[in-house]
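Assemble chains B and C onto chain A, guided by the hints.
Chains as they are written, first to last, in this note's numbering: chain A, 1 to 189; chain B, 190 to 473; chain C, 474 to 1137.
Hints may contain errors.
[To be verified] A short, non-exhaustive set of chain A residues, derived as facing chain B with CB atoms under 7 Å: (1) A38; (2) D89; (3) Y96; (4) A107; (5) L116; (6) R124; (7) H165; (8) R172; (9) D173; (10) I180; (11) R183; (12) C184.
Bear in mind the hints are in silico, worked out from the structure with no lab data behind them. Glycine included, each C-beta is placed from N, C-alpha and C at the ideal position.
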Amino acid sequence: MNATMQGNSILQLESLAGTKFADCYQCGKCTAGCPRSAHMDKTPHQLIRMVQLGHVEAALKAGAIWQCVSCETCTTRCPKRVDCAAVMDALRQVSYERGVTSKQQAAVVLFQKAFLDSVRRNGRMNEIEMIVQYKLEGFAAIRRLGFLLNGAMLAPRMQMHKKLHIVGEKVRDRGVVRRIFARCMDGTE
Amino acid sequence: MSQRVNLGYYPGCSLHGSSDDYQQSLTACFGALGASFKELDDWICCGATAAHMLNRKLSIALPARNLALAAQQGCDELVAPCSMCSMQLKKAQRAMAMDAALAEEIGIIVEAKPGGTRVLNLLQAFDRVGMETIKAAVKEPLKDLKVACYYGCLLTRPPEVVEFDDCEQPESMEKIVAALGATPVKWNYKTECCGAGMTLANEEAVLELSRMILADAAAHEAQCIAVACPMCHVNLDMKQSAVEARYKTRYDMTIYYLCDLVGLALGLTPKALGIDRHFVGRKA
Amino acid sequence: MARIGVFVCWCGENIARTVDVDRVVQEVAKLPGVRCAVNYKYTCSDPGQAMIREKIVSDKLDGVVVASCSPHMHLKTFRKTAQAAGLNPYLLEMANIREQCSWVHHDRDQATAKAIELIRLAVAKVKNDHALEPIKVPVTRRAMVVGGGVAGIQAALDIADAGYEVVMVERDPSIGGKMAGLSETFPTLDCSQCILTPRMVDVGQHPRIKLYTYSEVEAVEGFVGNFEITIRQKARYVDVTKCTGCGECSKVCPLKKNKSEFDFGMGMRPAIYMPFPQAVPARPVIDKNVCAKLIRNGCGLCEKKCAAGAINFEDTDRLVKEKVGAVVLATGFKLYDIGKKDGKIAGYGEYGYGKYKDVIDSLQFERLVSASGPTNGEIKRPSDGKTPKNVVFISCVGSRDNAKGLPYCSKICCMYTAKHTMLYKHKVHEGQAHVFYMDIRSGGKGYDEFVRRAIEQDGAKYYRGRVSKITEQDGKLIVRGADTLSGEPVTIEAEMVVLASAMQPADGVTQLAQKLNVGYDEFGFLMEGHPKLRPVETNAAGVYICGAAQAPKDIPESVAQASAAASKVLITLASSELTREPEIAHIDEKICAACYRCYEACPYHAIEKAEVRTPRGVFVKHTARVNAGLCMGCGTCVAVCPSKSADIEGFTEQETYAMVASLI
Chain A
1 MNATMQGNSI
11 LQLESLAGTK
21 FADCYQCGKC
31 TAGCPRSAHM
41 DKTPHQLIRM
51 VQLGHVEAAL
61 KAGAIWQCVS
71 CETCTTRCPK
81 RVDCAAVMDA
91 LRQVSYERGV
101 TSKQQAAVVL
111 FQKAFLDSVR
121 RNGRMNEIEM
131 IVQYKLEGFA
141 AIRRLGFLLN
151 GAMLAPRMQM
161 HKKLHIVGEK
171 VRDRGVVRRI
181 FARCMDGTE
Chain B
190 MSQRVNLGYY
200 PGCSLHGSSD
210 DYQQSLTACF
220 GALGASFKEL
230 DDWICCGATA
240 AHMLNRKLSI
250 ALPARNLALA
260 AQQGCDELVA
270 PCSMCSMQLK
280 KAQRAMAMDA
290 ALAEEIGIIV
300 EAKPGGTRVL
310 NLLQAFDRVG
320 METIKAAVKE
330 PLKDLKVACY
340 YGCLLTRPPE
350 VVEFDDCEQP
360 ESMEKIVAAL
370 GATPVKWNYK
380 TECCGAGMTL
390 ANEEAVLELS
400 RMILADAAAH
410 EAQCIAVACP
420 MCHVNLDMKQ
430 SAVEARYKTR
440 YDMTIYYLCD
450 LVGLALGLTP
460 KALGIDRHFV
470 GRKA
Chain C
474 MARIGVFVCW
484 CGENIARTVD
494 VDRVVQEVAK
504 LPGVRCAVNY
514 KYTCSDPGQA
524 MIREKIVSDK
534 LDGVVVASCS
544 PHMHLKTFRK
554 TAQAAGLNPY
564 LLEMANIREQ
574 CSWVHHDRDQ
584 ATAKAIELIR
594 LAVAKVKNDH
604 ALEPIKVPVT
614 RRAMVVGGGV
624 AGIQAALDIA
634 DAGYEVVMVE
644 RDPSIGGKMA
654 GLSETFPTLD
664 CSQCILTPRM
674 VDVGQHPRIK
684 LYTYSEVEAV
694 EGFVGNFEIT
704 IRQKARYVDV
714 TKCTGCGECS
724 KVCPLKKNKS
734 EFDFGMGMRP
744 AIYMPFPQAV
754 PARPVIDKNV
764 CAKLIRNGCG
774 LCEKKCAAGA
784 INFEDTDRLV
794 KEKVGAVVLA
804 TGFKLYDIGK
814 KDGKIAGYGE
824 YGYGKYKDVI
834 DSLQFERLVS
844 ASGPTNGEIK
854 RPSDGKTPKN
864 VVFISCVGSR
874 DNAKGLPYCS
884 KICCMYTAKH
894 TMLYKHKVHE
904 GQAHVFYMDI
914 RSGGKGYDEF
924 VRRAIEQDGA
934 KYYRGRVSKI
944 TEQDGKLIVR
954 GADTLSGEPV
964 TIEAEMVVLA
974 SAMQPADGVT
984 QLAQKLNVGY
994 DEFGFLMEGH
1004 PKLRPVETNA
1014 AGVYICGAAQ
1024 APKDIPESVA
1034 QASAAASKVL
1044 ITLASSELTR
1054 EPEIAHIDEK
1064 ICAACYRCYE
1074 ACPYHAIEKA
1084 EVRTPRGVFV
1094 KHTARVNAGL
1104 CMGCGTCVAV
1114 CPSKSADIEG
1124 FTEQETYAMV
1134 ASLI
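Chain A extracted, bound-state conformation (with noise of 0.2 Å):
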């Protein structure tokens, strides 16, 4: 990325996150708070560090903006007022966008993504829907036996307590639902 690819992404995460870089002084309040820090390749304030310094690919492409679990705790306790889950998320949007998401966090991001997936079909997210689709793509992308089984035996458990709901539920107006995704994820009409 060569340094106007640089600045305009920097540009486009701050419009994003409606924060600005420079004003993070690196105190680590919210790698301190931060309740999955220790399980991510690059904390908290060493991604808005990464960004400040140009290096944005490499931020793009960090595992630990899928571990954020976006429970706020960060903004919340910033005594710059750097919205750090804002940024969390417009790292997560670019990454996206770009097609530039880490490998070994596949799992979250395809659950995401038929998570959406299936609140733009139904208007509503149906859950036996969502899983399914999840688990055909992440076993397509992660190739392990183990993800395509976990959770199975909790099935039967729902069953019993009458929490398994086969068939989702459909909005009635869902033409609108979808222009509204089409225009936001699409850019189209």
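Frame of chain A, contents of chains B and C only:
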């Protein structure tokens, strides 16, 4: 009982799906408190975690569409019992309030004008009904019940969005639990994340985070944990046996929705409240 | 007929490069009333000034225009020159053809034309100038120092040693301030009380220092050289003239468990108490909020026990007036209230201060470490009295935090935190200190070496990052922080946590500042006259500031500023008369309608409501009158006066019209 409270109701996908025990409990409990819930007609998914992770505009548009429906349907107050839904609705509202250009753009995208409906999470819904009403309606105080009040992430923060209770040391749930005659315990994990919607996508994270919550509640002698969010309930209740298996320990911790506890104190039966549909059997 | 001399300066190249000074002289010589017009390379130099003096005498000039630099630079210089030649200094004007002409324009013709116009204006003005005499204001040659901490003590001693009487007003029962409560001071680890108490005793015993303790400034009237200040002496309920300081009263007082202010809540004191053993004055005071006798007429044991009969439950507050010529504000600081919401300062709920007993702030830790403190200098946990084996020190709590409301750095915390780690290690040999910091600010003499000593020799562990949350488990405090240098989160299990909280100005300082017309910033720190060149003066004449009241600072800086403020006071008190510039407002009492709009509008409260009386004392009319001691010549009264009776000497409306007319 004071005058009837009429509230709009936004269930969200979970409460019509695998967490419809929450809806069952909610309806029974608030019905007994004299509040009626009118479900928003033809509501759509709020976008939950997936939308804000992958597309910012979508994460505002989907909730905005629901806010527009609420305005069209004459709904002044909308209860969203799932804290992810209530957070997304509130965030979208705030983003549009602070950026007129964005509000206009979203209005075009969702083909309607999002309104200023007041969005309430479960705690705010109880607050709306009123502490006096709740206290007066208690028939069977939950004496000797030690409850760990679990807020999770999105009920109190970020503080500028939620504008309710203190985000570091909240007490609103404890007040309700105490009014029911139970004893809220002092513990360390009341606002720590459980892993939220990552149950399927990142099970490791959920197991680790949920374990710390269960362990701390147990260490502080809680007999049960009260939650106000379907994802928290799934992670702490449905996945409790997975946590136990992974970390080779037992918790046997009953996980109540807050409205379960209120309902029980009001004299409703566990079956009516859907408590028998929880995975971890009721121990306390 | 006017006889004006115009002197056009080259200012070396600064003016002459852009302005054709020869042509200027040619043109301005033609102006009516101009007797002579010359140009010179460096008019402010000695030969330049000599030339002006010669011309004033030889050409019998009755007005001078110097066309050169800004009046800010050399107006005083040239006025002295005129005076030396026998010309009233207020009959000299400057035309700024440098900053306002040659320095900002490039076109030679245009710049030269502008210079000529500027001189034309100045000539028109000087033709309308009147001779003015400086105003003399009598001076009360005494000073007041508000605040008895180390800064106030230093200022008071300097002024008193120079031979002037000083009135010191201190709010607490004893002087000494925060320094009296410290254990040791950086970077020498001197015992704080040992170096301060001799000074305190000097103040208490100084023949020229009148000490009011347990007192506050109630009201201020007057102006520089002539302040009349009302002091409220709060009731001690102890007659300090009879009391011998034996301390028997405190021993018999049954109400022993009140949180000690001196120990910042770490220890207890009785209802009748001396704040600390070395207090000056060494006399007790009764806390009227808890004393059983004062509240419900019970007890009274101290009165019975007192051999000197010094207890007086009938005591009341007393109001005393003192006349002084100058005031020094040395009101010091307080620490930020962690965990509380105070308007927009949001508190730190995530650190559990106030919730967990073993999370304390830095001044509280000082009292634990102090040999005369509540634990006799042993570091013990407030919760169970055990010795902590691991102590976490957190820097920047409340400071450098835009979200919680205080964006500034409190300057001293990096140094005292290093000091705390060393004092802790010296007392608890097997203990481990952990410090979470963002930066190390150690710019003073020997300061950086001091911090390195804490790390390299006394083994303090420093982690570069903030702490996100503190929780308590099994009697230990779990501190979740980060180390950004390694990029990792860091969790420490400690038995005690010390928060280095922000420095704020003392409570009530903004009300005091308003009484004295002293400005303060959004945080309440008193405003200096100029951040670089006038650090201990204020914009209120005769009022000076020093110490932490002005901005966060340490003891050496406070002492230096205190002496600086004292030197300014000595200048003010140097003679029995103060000279002020006469370019102030004047009200024509014949025309004044006494509508008092000027009185309302004056930002310096320099206008008085007065009466015009005949020599026999018969009342003629009401009028407004300018107090020559207070007026700063801002012109607000002139702007609001509907009858045009207010005007500024040296900048009259007539002059202004004449200047404008000369251009048309």
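Each hint, compared with the structure:
1. The closest approach between the C-beta of A38(A) and any C-beta of chain B is roughly 9 Å, which is over the 7 Å cut-off, so the hint fails.
2. A least Cβ separation of about 5 Å between D89(A) and chain B falls short of the 7 Å threshold, and the interface hint therefore holds.
3. Restraint check, Y96(A) versus chain B: the minimum CB separation of about 5 Å is within 7 Å; hint holds.
4. Interface hint at A107(A): satisfied, since its Cβ lies 6 Å from the closest Cβ of chain B, which is below the 7 Å cut-off.
5. With a cut of 7 Å, the hint placing L116(A) at the interface with chain B holds, because the nearest CB-to-CB distance is about 5 Å.
6. The criterion of a C-beta within 7 Å of any C-beta in chain B is met by R124(A), whose closest approach is roughly 5 Å, and the hint holds.
7. Taking 7 Å as the C-beta cut-off, the interface hint given for H165(A) holds, the closest approach to chain B being about 6 Å.
8. Given hint, R172(A) at the interface with chain B, holds; its Cβ is 5 Å from that chain's nearest Cβ, closer than 7 Å.
9. Hint status for D173(A) relative to chain B: holds, with the closest Cβ pair at about 6 Å, below 7 Å.
10. With 7 Å as the threshold, the beta carbon of I180(A) comes within range of chain B, its nearest partner Cβ sitting at about 5 Å, so the hint holds.
11. Given the 7 Å rule on beta carbons, the hint for R183(A) holds: about 5 Å separates it from the nearest Cβ of chain B.
12. Nearest Cβ of chain B to the Cβ of C184(A): about 4 Å, under the 7 Å cut. The hint holds.
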